[in-house]
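2 protein chains.
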Amino acid sequence: MSAASAGLTHEVVSIDERGRPSTLHIPAERPLTVYVDKRELVTLMTLGGAPEALTLGYLRNQRLVRALDDIVSVQVDWSVDAVAVVTRNGIADVEARTAKKVVTTGCGQGSVFGGLMDEVETITLPPDARLAQSVVYRIVDTIRTQQSVYKQAGSVHGCALFSNSGELLYFVEDVGRHNAVDAIAGLMWLDGVAGADKVFYTTGRLTSEMVIKGAQMGIPFLLSRSGTTQMGHMVAGKVGMSLLARCSGTHFLLLAGAERLVFEPGLLEPLNAPRRVPVA
Amino acid sequence: MSAASAGLTHEVVSIDERGRPSTLHIPAERPLTVYVDKRELVTLMTLGGAPEALTLGYLRNQRLVRALDDIVSVQVDWSVDAVAVVTRNGIADVEARTAKKVVTTGCGQGSVFGGLMDEVETITLPPDARLAQSVVYRIVDTIRTQQSVYKQAGSVHGCALFSNSGELLYFVEDVGRHNAVDAIAGLMWLDGVAGADKVFYTTGRLTSEMVIKGAQMGIPFLLSRSGTTQMGHMVAGKVGMSLLARCSGTHFLLLAGAERLVFEPGLLEPLNAPRRVPVA
Numbered sequence: 001m002s003a004a005s006a007g008l009t010h011e012v013v014s015i016d017e018r019g020r021p022s023t024l025h026i027p028a029e030r031p032l033t034v035y036v037d038k039r040e041l042v043t044l045m046t047l048g049g050a051p052e053a054l055t056l057g058y059l060r061n062q063r064l065v066r067a068l069d070d071i072v073s074v075q076v077d078w079s080v081d082a083v084a085v086v087t088r089n090g091i092a093d094v095e096a097r098t099a100k101k102v103v104t105t106g107c108g109q110g111s112v113f114g115g116l117m118d119e120v121e122t123i124t125l126p127p128d129a130r131l132a133q134s135v136v137y138r139i140v141d142t143i144r145t146q147q148s149v150y151k152q153a154g155s156v157h158g159c160a161l162f163s164n165s166g167e168l169l170y171f172v173e174d175v176g177r178h179n180a181v182d183a184i185a186g187l188m189w190l191d192g193v194a195g196a197d198k199v200f201y202t203t204g205r206l207t208s209e210m211v212i213k214g215a216q217m218g219i220p221f222l223l224s225r226s227g228t229t230q231m232g233h234m235v236a237g238k239v240g241m242s243l244l245a246r247c248s249g250t251h252f253l254l255l256a257g258a259e260r261l262v263f264e265p266g267l268l269e270p271l272n273a274p275r276r277v278p279v280a
Numbered sequence: 001m002s003a004a005s006a007g008l009t010h011e012v013v014s015i016d017e018r019g020r021p022s023t024l025h026i027p028a029e030r031p032l033t034v035y036v037d038k039r040e041l042v043t044l045m046t047l048g049g050a051p052e053a054l055t056l057g058y059l060r061n062q063r064l065v066r067a068l069d070d071i072v073s074v075q076v077d078w079s080v081d082a083v084a085v086v087t088r089n090g091i092a093d094v095e096a097r098t099a100k101k102v103v104t105t106g107c108g109q110g111s112v113f114g115g116l117m118d119e120v121e122t123i124t125l126p127p128d129a130r131l132a133q134s135v136v137y138r139i140v141d142t143i144r145t146q147q148s149v150y151k152q153a154g155s156v157h158g159c160a161l162f163s164n165s166g167e168l169l170y171f172v173e174d175v176g177r178h179n180a181v182d183a184i185a186g187l188m189w190l191d192g193v194a195g196a197d198k199v200f201y202t203t204g205r206l207t208s209e210m211v212i213k214g215a216q217m218g219i220p221f222l223l224s225r226s227g228t229t230q231m232g233h234m235v236a237g238k239v240g241m242s243l244l245a246r247c248s249g250t251h252f253l254l255l256a257g258a259e260r261l262v263f264e265p266g267l268l269e270p271l272n273a274p275r276r277v278p279v280a
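If you're matching them up, the sequences are chains H and Y in order. Everything in the first sequence is counted per my numbering, starting at 1 for the first residue and increasing by one. Everything in the second sequence is counted per my numbering, starting at 1 for the first residue and increasing by one.
Same shape as in the complex, but just chain H:
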C-alpha cells in the first residue's frame, strides 16, 4: 500500500467588501480515479489526506469487496490522480453491481450503488451497548479542540471514530463527508477494528446514506453537530441505531435509540441556578 497523502490546503488571494486583498487558505480538492484490476471504476473528488484508506473504505462500503484479504495492493499515484487496486480474484459481477445508481444527497449527490437498502434490512445493532452522557461531552470537546484543516481553511467535513470511553481512534477530514466516513471504514478494515463498541462522530448531517454507512460498519452510536433527515431517522429506527444530533457544548438531541444513553444529571448545572453575570 502506498502512503500518498497530498497537500491539504492551498493559498489564494481574496478581496473583501472594502476592496482589501488578503491571503486565504482553502482546502484542496482533487480527482482520484479508482482502477480495480486495471478497470476504471469511479472518480472520487477528495481532499487527498488519506487516499488509500478512502479507496479501501469506498470498496468496502459499496460492498464491492467483502474482505480485506481479497485485496493484494493499493497504490496511489498523484502524478496521474489515480489509485490502482489489485484484487486476488476480481470483483464478481462488477458490471451488474455498479449499474444501479442511487444518487444520495447528503448535500451532494452521493453515489451508493444499488441494493444497500436491501442489506440494511438484515442489520441489527447491539441492543445492549451503552453510552454515558459524560462520554458524549468528552467526544464533543475532543472534536472542538482537534487540530484540523477545517480550522485553517473551512469547507471540509470531519468524521471520527471513538471508543466507548471517548478515546479518539481516527479523525479524517474530506471535502465530502461521505469520503471521510469511507476513509474511516478503510482504516477500521486495515486495523481489524470492529464497530459494535464504538461511537461515530460526523460534522455533517445524518442523512440516509450516513446512517446506512454507520450501520454497515456495525456502529450503534452516531453523533453529529448537525441535524437529521426523515430517512436517516427512519433507517436508524430500523437498524436500532442511537442518533444524537445537534451535539454542541452540553446540548444534544437524542432522536433514536434513546434507551442506550446513560443520563448523568449531575453533569449539568441545575436549570434554576443563578446566572453568572459576566464582569465588564
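By construction, these hints were calculated from the structure, which means they are not laboratory data. Where hints are given, some of them may not hold.
Stretch-level coverage of chain H by chain Y, calculated; a stretch enters the list once three of its residues show a Cβ under 8 Å from a Cβ in chain Y [to be verified]: (1) 17 to 30; (2) 203 to 212.
Below, a list of computed lysine-lysine pairs in the DSBU-like style, where the Cα atoms sit at most 35 Å apart [said to hold, decoys possible]: (3) H:Lys151 <-> Y:Lys238; (4) Y:Lys38 <-> H:Lys38; (5) H:Lys38 <-> Y:Lys238; (6) H:Lys238 <-> Y:Lys151; (7) H:Lys238 <-> Y:Lys38; (8) Y:Lys38 <-> H:Lys151.
Restraint-style ranges between C-beta atoms, simulated for each label pair [stated by the list, open to error]: (9) H:Pro265 <-> Y:Asp81: 27 to 35 Å; (10) Y:Arg39 <-> H:Lys38: 24 to 32 Å; (11) H:Glu264 <-> Y:Ser163: 52 to 60 Å; (12) H:Tyr35 <-> Y:Glu121: 17 to 25 Å.
Positions of the beta carbon are idealized from the N, C-alpha and C atoms, including for glycine.
Given chain H, put chain Y in place with the hints provided.
Then chain Y, alone, in the frame of chain H:
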C-alpha cells in the same frame, strides 16, 4: 408534466440532554427513481419539493438531454417514488454516457457522469457582466428573510436565482444542494430563462461540481454563504466566473472574477467610525 410536490417536513420526538422530550421538525428525504423511456436511470434522494424541475435539471446538467423540446412528458408518482420521463427520440448512447462515474464531493459523493470537465473547457462566461455591491447585499438580505424549510427544520441547502438587480426569481431547497441547483436549472429551462445576466446564490460550498453546474447554466456570478475548494476556485478561473464566498451581512470574499464587481464604498460605515455602544 405533473405537479407533485410532497410534504417537506416530518415531526419526530427528540429527547434533550436533560431527558426532556419535545417535538422536532426534520426535513423529508425520499427516493425518486428516474425512468427515461421506461429505462431506469438513477435514484435521487430528495426533499420532494420540486420533483419535476429536479428531474429536468438533472437530465440537463448531466447533458443527457440537450433541449427541452426533446422531452414529451414528466410524470411524478410518489406512490411508487418514481418519475417517468418520455423523450421524443430517446437518449443517444445512454449506456456509454452514464458508464463513467465521477463521484464528486460537495459534501456527499455527487455523481456527475463523465466528460463534464471536458465541456467546461469550451465555456466562457460574459466578461462584461457587472454586479453592484448593493445588489449583493440585497440578495443576502432576501435570503436571510426568506421563508424556508431550513428555518423550520434545518438540515437542507437552499439555492436561488436572482436578476442582476437583485430580484428573486427562483428559490429551491433540498436535502442535497446539488439537487437544489439541478431543480433551478430545470425551472430555467421550463421558463426559457438565460443565465448570462443572472446571479446564483447557494447556502452550500463552492466545490468543483457547483462551479461546473453554474458555468453550464451560463451564470457569471456565484454567491455563497460558505467557502470554496481549490478545484472550485480553479474551474471558476478557467471559465471566468465571479465567485463571492462567505457572504454574510455586509461581508464577502471575492475569490475570482473580481473585475466584475462594482464596489460602492459609500454603503459601508467608515472603519474608524465610533462604535455604537449597546445600552444595557
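Hint check:
no. : hint                              : in the structure
1   : 17 to 30                          : holds (count 9)
2   : 203 to 212                        : holds (count 5)
3   : H:Lys151 <-> Y:Lys238             : holds (28 Å)
4   : Y:Lys38 <-> H:Lys38               : holds (33 Å)
5   : H:Lys38 <-> Y:Lys238              : holds (31 Å)
6   : H:Lys238 <-> Y:Lys151             : holds (28 Å)
7   : H:Lys238 <-> Y:Lys38              : holds (31 Å)
8   : Y:Lys38 <-> H:Lys151              : violated (48 Å)
9   : H:Pro265 <-> Y:Asp81: 27 to 35 Å  : violated (43 Å)
10  : Y:Arg39 <-> H:Lys38: 24 to 32 Å   : holds (29 Å)
11  : H:Glu264 <-> Y:Ser163: 52 to 60 Å : holds (55 Å)
12  : H:Tyr35 <-> Y:Glu121: 17 to 25 Å  : holds (24 Å)
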